Amino acid sequence: MKINGVTVDNTFAEAFAMKATRLVITAMTLKWAYRAANSLTGFASSVIACGCEADIERELGPGETPDGRPGIAVIMFAMSRKQLMDQVRRRVGQSVMTTATSACFAGSRSDDMIPLGRSLRYFGDGFQISKTVDGIRYWRIPVMHGEFLCEESTGMVPAIGGGNFLVMAKTSRHGITACEQAVRAIRAVRGAVTTFPGGIVGSGSKVGSKYRFVPASTNEVFCPTLKGLVPTQLTEEVGSVLEIVIDGLNEKAIREAIRAGVHAVCRFGPKKGIFRVSAGNYGGKLGPYHFHLWDILK
Amino acid sequence: MSDVTFELRRQPETWLDLSALTPDKLHGHTLTAIKAIRLRCGRRAGNVGDLFQVSGDDPLSLRFVDACRSFVRLGHGMTRGRIRVNGHAGHYLGQDMRGGQITVRGSAGNWLGAGMSGGSIEISGDAGDFIGAAVAGAMHGMTGGNIVVGGNAGKRAADRMRRGTILVLGDAGDFAGSRMIAGTLLILGLARTGVGYGMRRGTIVLGRMPAHVPVTFNDCGRLKMEFLRLLFKQTADSRKRFGYFREFGPEARRFAGDIAAGGQGEILVLLNASRRRSA
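For the record, the sequence lines run as chains A and B. The first sequence begins at 212 in my numbering and counts up one residue at a time. The second sequence begins at 449 in my numbering and counts up one residue at a time.
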């Protein structure tokens, strides 16, 4: 398949099951809500070593947040319920509660609620106050800037991690310019996020390594500098490969995100240094979710 | 389906216990069966059909017209459905209620919502003493749900209240929020003597500064309480007629106490609230 002269491989992205929750972070101004959200989603690119994957989903206006202040919706993903609970406690406690004027609320509800304020309230050292408003319980934790307001729990939902596509470009500059547009297009899709820095992976990995103690290592078949050394997947004109990894709350969100992202990339075409789009998979052994590029793009 | 409507044939001479007439208890009953239910009326008992004209066919939605002060325990222990009352709903309205909705176009007597744990009660007029309070022998008052009083409240509103929300749009009598264990009491009018007496935890939000704040409450100063912003926004969002709550800001003067009882409760006096409401 070719879109605007860019070859799209007949392959699929392989994704796996995760657990996720959406959080709503508010603050006195949008700038301070961003400070909290950026801190929470920092060092949350991959579950391989970060404990969770997280990113900002979108900005929220005052009319969309529980306390009527500007806010940010973030989505956090982890491999298990226990891991997600642990990461929510650590990251909201250290990144959101420490941000001046911030508050944190559940952005998703489900039958399976995990602790949010319930585990953070102990910071109040006995001075914390519980309040129920319209059937939802909140914790008011006295802190030095005033009060940190936090919802009792947040809804955990089944989710999907590892949706992806690869962009093969003439140079890194060509690749990153196109991928920035792709990330912008993906940001418009509700329920899907790109958790790597800037939404783009510069060092896509394969599972395992020649070293026993390394769980993931460089994906040499897509490394331009190794074209002469290994059975490469790259053609001669490709000088840089960037990957966009997408986590989503459901298959539909990831499919929409891949479609939006690939189309945004293909708009650049070969004249602007974009030659090919592919996807990463492990022959169907990694996860049960397969996103076939041709099916999504047709 | 139409509401099952109860219209009094004549005013009872003494109290009339209506605890048998709740949506839960009437569900599945025919009109004939409902008319045959026995009600306590003072020291005597009588059939529903003798006391009321009954019509309608939806027992999950009840309506009492020309209600009077002789009623007691209307909506007692109900868990679902709806009761609408025109007139005075009597004493112990919604006592031990666990769910459902009671709406009164008129007033209610003492012990409104005493011991309730869920559901909502809305009174357009005044309510008597001990709203949401603990009845004699009980360790705590209401443990959940919402009560809205459109007029004034009597004495000791929210006495020993443990959870839930009581909103009084008018004034409240002496010792409002006495011995509160937790929960939220909002009084947009004037609270009289002894507000918060003996409270251990919980929140009393006052629309106007009372003439005397008890000396056993310490002044924490004028603060921005983001919780108030949340409370007012959620209240305004959930019920259209409370849209004016959006006018309230988060600023309040906070008093903590009652230190005589080792309490960590709070009285929040809204700043400029009266000005905002009248604006």
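For the record, the hints were derived by calculation from the structure and aren't laboratory data. Since we're looking at a predicted model, the values are computed, not measured. The C-beta atom is built at its ideal place from N, Cα and C for all residues, glycine as well. Some clues are possibly wrong.
[As the list claims (entries may be wrong)] Which residues of chain A face chain B? A partial, calculated answer using Cβ under 7 Å: (1) 344; (2) 358; (3) 387; (4) 391.
[Claimed, not checked] Some, not all, of what chain B presents toward chain A, calculated at C-beta under 10 Å: (5) 527; (6) 617; (7) 631; (8) 683; (9) 694.
Earlier hints that do not hold, by number: 3, 4, 5, 6
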